[in-house]
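**Q** Letter by letter, the chains look like this.
Number of protein chains: 2
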Amino acid sequence: MRAGPSQEDVRRHNLGTLLRFVHLRGPASRATLAESLGLNRSTIMALTADLTAAGLVREELPRGPGRRAGRPSLVVRPESTRVYVLAFEVGVDRLVIARVGLGGVVLDRREASRTRGSDPAEIVGTLAAGARSLVRKSERDAVCVGAALGFPGTVRRADDAIRFGPNLDIGDLPLGDALSRRLGLGLPVSVCNDANLGALAEHARGAGVGCDNLIYLHGDVGVGGGIIAHGRLLGGDEGYGGEIGHMVVNPGGRPCACGSRGCLEAEVGERTLLAHADRAEAHGQSGRDAVRAVVDAADRGDIVAREALHRVGTWLGFGVANLVNVLNPGLVVFGGTLRDIYLGAAAQIRSVLATGALAAPREKVRLRTAALGDDTTLVGAAEFAFAEVLADPIQVLARLRAPEDSSVH
Amino acid sequence: MRAGPSQEDVRRHNLGTLLRFVHLRGPASRATLAESLGLNRSTIMALTADLTAAGLVREELPRGPGRRAGRPSLVVRPESTRVYVLAFEVGVDRLVIARVGLGGVVLDRREASRTRGSDPAEIVGTLAAGARSLVRKSERDAVCVGAALGFPGTVRRADDAIRFGPNLDIGDLPLGDALSRRLGLGLPVSVCNDANLGALAEHARGAGVGCDNLIYLHGDVGVGGGIIAHGRLLGGDEGYGGEIGHMVVNPGGRPCACGSRGCLEAEVGERTLLAHADRAEAHGQSGRDAVRAVVDAADRGDIVAREALHRVGTWLGFGVANLVNVLNPGLVVFGGTLRDIYLGAAAQIRSVLATGALAAPREKVRLRTAALGDDTTLVGAAEFAFAEVLADPIQVLARLRAPEDSSVH
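Going down the list, the sequences are from chains A and B. Going left to right, the first sequence walks through residues 1 to 409 as my numbering numbers them. Going left to right, the second sequence walks through residues 1 to 409 as my numbering numbers them.
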């Protein structure tokens, strides 16, 4: 129970709010900012001056056909090429590294394929080499203000330790620390669950903009989830919140990698769909393309594929119904392979939802596919990495530009 | 996206924070307040002076053996008898009305038994009559600052409409409006789901003090729930959050009052336990005492009762495991009949939890019985009713003491 903020806290909050506004919604005139943030024009001017001096935004004449006659109103624009973060994704089949500028612009990216089960040290090496080459190519006065990595496992908030990653044999490796050392930028690398980042991303820039209570479900080899409640990622007591893939929907059902049976992951994951469709991995088919092939076959009337989608859709429907009852979300977003499964089994999912969820929380919930496609994790990692500079813009930049941190080019 | 608070907002926030501190933790010296709230002594003095002038707190010499030699430090104490709320509980078998003073002191209460299925108008009449008699007995200068009612149903946040109350035939009655009119105090009566209030109560004054991520499960004829995430009641998009009783734990299982099958409520509710134990309501046994009788019989070695508890405990374990995976709570609290069932089936619940939940979110979760016993809903209603005055103490009191509100005695 803490007291209210000081004057200095208020200024910091206002600077962060203005910067967040142009970061998420794009360039805006002072008039728009004043109205949207509920501050007067002179306060906006002072805040913009501070952010400009720090090199976080610039003011310029509006571009394009929006210009009107008379004295044009200046537009506040984020310094996308000068202020950036590094976003990393460790996927089951790929590694992605991106340099993302303030405003959410992907400035540059590297992608490497990865064989399942590869060595953690090798992963760190690939990510660090990719990132260093991106940094070398950045502008001379550009500043990296954060770094974050999305990982398909259970991550403890206190120390970013990976507690459970059945689909990657990563052990107890402190992935963030190892990557941070190899990068040599003097910046920590935060590690987050990939589906939690997906929820952040869809909330900030995807299907969930404007919806402060949403659930993101991500399918891959495993099934992950992220919950936004009251506009905030629901982390729970230690940051493990959102392990929706291990909600038991079918007690005594199919065995799960976690040791339990009938988990959502075991009933709707990639392997299960392929097994139901007689397209097991033994036949050389796995991953996203194999899932799409089943959905396409069902579309063409293939009975086995349709039955497989129906079974998987039923359990996905039970999972969604439970989440609707427990959390009353305004929106459920399906990403990864669950995007394809949702598109192929929407009628069955909605049918189970109609009987399995109470009318009150069900009537207004929307079901949607992820708007950010395969980049949900990466976009979420970038947003996570920007969090610190958005919370305290001047302080973070001052620290990074200080002489002792000259390694941060 | 709003800008930071003004000076006036900060003062209001600080007044509320100080008042909330003595409301929840009891009388405190200025030194304790300064340290706990992170404010200097002169600010604490000014805030205390404002709250004293408004009649919300008083300063006095410390009581009892805590006094030491030298100049005694004054203690700030909430004005419990002068500032109060009305808390109402509509239970399945009883109606309770209480006058609760600032600081959480139950000053006075009335209780009436109620036959299941009684007329909504009759309920409102009984509650209003009880409340008026409590108000008449209050001190001459006492002020009622809020009123709230706990109800075993699904309540829409926007207008307090009751959307689903299968165990009470209340229809679409705007219970809060009706009660507010009958009271004639010029105060609205908020209506909340009873188990949501239970979660608030256990978090504020019960088993969950200090734990900002907890789940409260309440058993009665139905099973309800309330979720506290990041210290706040998780309402979801429309206030229906926490309908844990309708999470399907056993697909195709026992029919539920909601129309679905295998809901937690259907598998662990009072009627199911009694049916499993061959003590169905037809034999004249129902309610809390009947549940206790089963637990007692199991304790004495009754095989049928033990088997009944084992079955119910299994499904309760699945429900808790799912919640632990999805929400990573630090604490799960069992209230109402689930308190007794938990005490009788703890080993089975923990056994299912051990296999059904991931190790990471499971290892630190604590399972506890409700500390507030049968008063969780009532205490929660009082806390809910106090929320407004704690958010803006001076403003609320000024409004209530204004001449045109003379009906508020």
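I should point out that these hints are in silico values taken from the structure, not numbers from a laboratory. There could be a bad hint or two in this list.
Because identical chains cannot be distinguished in the list, a pair is counted as satisfied if it fits within a single copy or across any two copies.
[To be verified] Here are the computed lysine to aspartate or glutamate pairs in the DMTMM-like style, where the Cα-Cα straight-line distance is at most 20 Å:
| # | residue 1 | residue 2 |
| --- | --- | --- |
| 1 | K137 | D50 |
| 2 | K137 | D302 |
| 3 | K137 | E8 |
| 4 | K137 | E238 |
| 5 | K364 | D212 |
| 6 | K364 | E238 |
**Q** Each of the hints needs a verdict: does it hold here or not?
**A** Each hint tested on the structure:
For a Cα distance limit of 20 Å, the shortest separation of K137 from D50 qualifies neither inside one copy, at 28 Å, nor across copies, at 60 Å. In this assembly of identical chains, K137 and D302 lie within 20 Å of each other by CA distance neither inside one copy nor across copies; the values are 50 Å within and 76 Å between. Within a single copy, K137 and E8 get their C-alpha atoms no closer than 37 Å, and across copies no closer than 49 Å, so neither meets the 20 Å cut-off. Within a single copy, K137 and E238 get their C-alpha atoms no closer than 38 Å, and across copies no closer than 48 Å, so neither meets the 20 Å cut-off.
Taking the shortest alpha-carbon separations for K364 and D212, only the intra-copy value of 14 Å comes in at or below 20 Å, while the best inter-copy value is 28 Å. Taking the shortest Cα distances, K364 and E238 sit within 20 Å of each other only across copies (9 Å), while inside one copy they are farther apart (31 Å).
In summary, the numbered hints that this structure violates are 1, 2, 3 and 4.
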